[in-house]
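Relying on the hints, combine the two individually framed chains into one complex.
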Amino acid sequence: MNTLASWTLAFCRWCNGSFFGHGIRDSAWLFPFVEVFHLLALALLGGILILINLSLLGVRFGNASTRELARELKPWMIGSILVMLLSGFLLFSTEAVKMYGNWAFQLKMLFLLLALLFTLTIYRQVIHAPRAAAGLRALTALISLLLWLGVGLGGRAIGYVTTAATALTAP
Amino acid sequence: MIAEALPLNPIARWEWVFPVVESVHICGFTLLAGSATLINLRLLGVCLRRQRISEVAAGLAPWMWSGLAVQIATGAFLFSGDPGEYLQVAAFRNKMLLIIIAALFQFLVVRRATALGREQAPAGSDGLIALISLALWSAVLLAGMWIGNL
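As you go down the protein sequences, you meet chains A and B in turn. When we follow our numbering, the leftmost residue of the first sequence carries the number 1, and every step to the right adds one. When we follow our numbering, the leftmost residue of the second sequence carries the number 1001, and every step to the right adds one.
Bear in mind the hints are in silico, worked out from the structure with no lab data behind them. Be aware that a few hints might be false.
[Said to hold, decoys possible] These stretches of chain A come out as covered by chain B in the derived footprint (C-beta under 8 Å, 3 or more residues): (1) 34-48; (2) 55-64; (3) 100-113.
Only a predicted model underlies this, so the values are computations on that prediction, with no experimental measurement involved. The beta carbon of each residue, even a glycine, is placed where N, CA and C say it ideally should be.
Extracted from the complex, chain B is given alone in its bound form (with noise of 0.2 Å):
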């Protein structure tokens, strides 16, 4: 079966390999989450307000980043583990459609709206997109933990 765990694969051989992971996994959505929340409380205006936004946006772009990208191949790693029994589950379906709709969202919206130069036209739809952002990052977070709970 294709949907189960490779004999050869570490996850399944030796049972620290999980918490090892799953350890770096946490490591990494602190990365993220961490420097996605300060990237968009100071687009929200709440902290950070006598740094300029792209100034704040680009020191912690290049983390965030990284998180995600920790966070990708760590959750790969541990989805490998037992895709079938992960495929199955509501919440993690719901995680993997989240992730791509919240990093499009920062990529593609977050990233215009803290790009270099904006503070001289700040939009309104500024306060909306962070909270936007903010949300969405949350329900990774919540489908995530969901998927521990079950």
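Chain A on its own, in the form it takes in the complex (with noise of 0.2 Å):
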């Protein structure tokens, strides 16, 4: 096993072990409670990259430019992400060893690690772009929209995964 393949295991395993990896997975309304969080923050996001990504697409918000959403947007969307990264680690927590096996997981954190970078690199310039031409203002708002989807789709797909491994592993 290589070193970071290592590292990320004990990482793991600090995760199962710590208060809040205890705390939660012990408790019977802490994890839907949490849950929740990670929920409301996604309809909130999702809103979010709706509207911006379809203001990239040509759908006009009354006067509003692209750029001027966004800015107006901005701390809510920063906002909801942070709170789906917290409420999410947390989550994680509960069953971070089961985690780091699990294939649809990994796949999630890769579409997020690659939503993030596009969100932070070529989509913001994109959106401040004022003379971005209509062709790549559309490829981005896809972009965009395809790698937030495959984060969902790989956290939707976390829970037949385990339930796979389980019935796998069960006697």
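Set out below in structure tokens:
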């Protein structure tokens, strides 16, 4: 096992044994409680992405340019991503070692990394470029939607992969 | 038995159908809840303050209603897999009731509050309407989550 993999696994073990990992796992209501925040932030982030990407695709919201919409929604976007990252981390910590070997979770993290990187680099540039070509704007919106969709679908698949693995190891 | 899935129903025949339909159900959720959240936050006056309420609502409303249509279609499909079982779950019955209330409230009250020209006469009840709508959709989400946790 290479160094990175063993560090990651050690980190997952630490999460599993941490007080929050323990606490949320052992509580009957804490997991759904944290999950609600994860999903509410998902709704908010989803709404913001729909609005900004529709604007990039040429749908008009009054006189506002994509840049103005994005500027107004920026604190909400950052806030919803932070809530998702924090609540997601807490949910992850309850079964971190299981997630380590879950391909759906790995896929979700890969898409999340790509989506965040894309948003912070190209996406931001195109949104703020007043004279970006329509084709470029549409392509950017499409890539953004696909990357975030990958995060969501990967997340949905986590539960099914866990179930399948449990079924395989059951006597 | 009528209350059991028909043998020809794809959801009962192949086990991959349920996860796929459920994924679409989650995408529809993002579409519906995302648009509704932004419209209500604008009505509440906390975000997009430089845009007119009616413009935000008019731009997002078609996506919100399409989201609801996706939700109803995929939800009915998921339900058809095991109708008898779902009907016995209190969270499911609550969710159906809450959806009807939330959708009616959105259609009758929020739509009126965000209609064209409403910026000229903002009402004191706008914030309250937005909060009620947000609470209703959150309750739908909560009930839906609960069905899965049982």
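Within 8 Å of chain B's CB atoms, at least three CB atoms from the region 55-64 of chain A: coverage verdict: holds (count 5)
Annotated coverage of the region 100-113 of chain A by chain B, confirmed only when three residues or more have a Cβ within 8 Å: violated (count 0)
Claimed coverage, the region 34-48 of chain A by chain B - three or more beta carbons nearer than 8 Å: holds (count 11)
Against the hints set out earlier in the document, a violation occurs for number 3 only.
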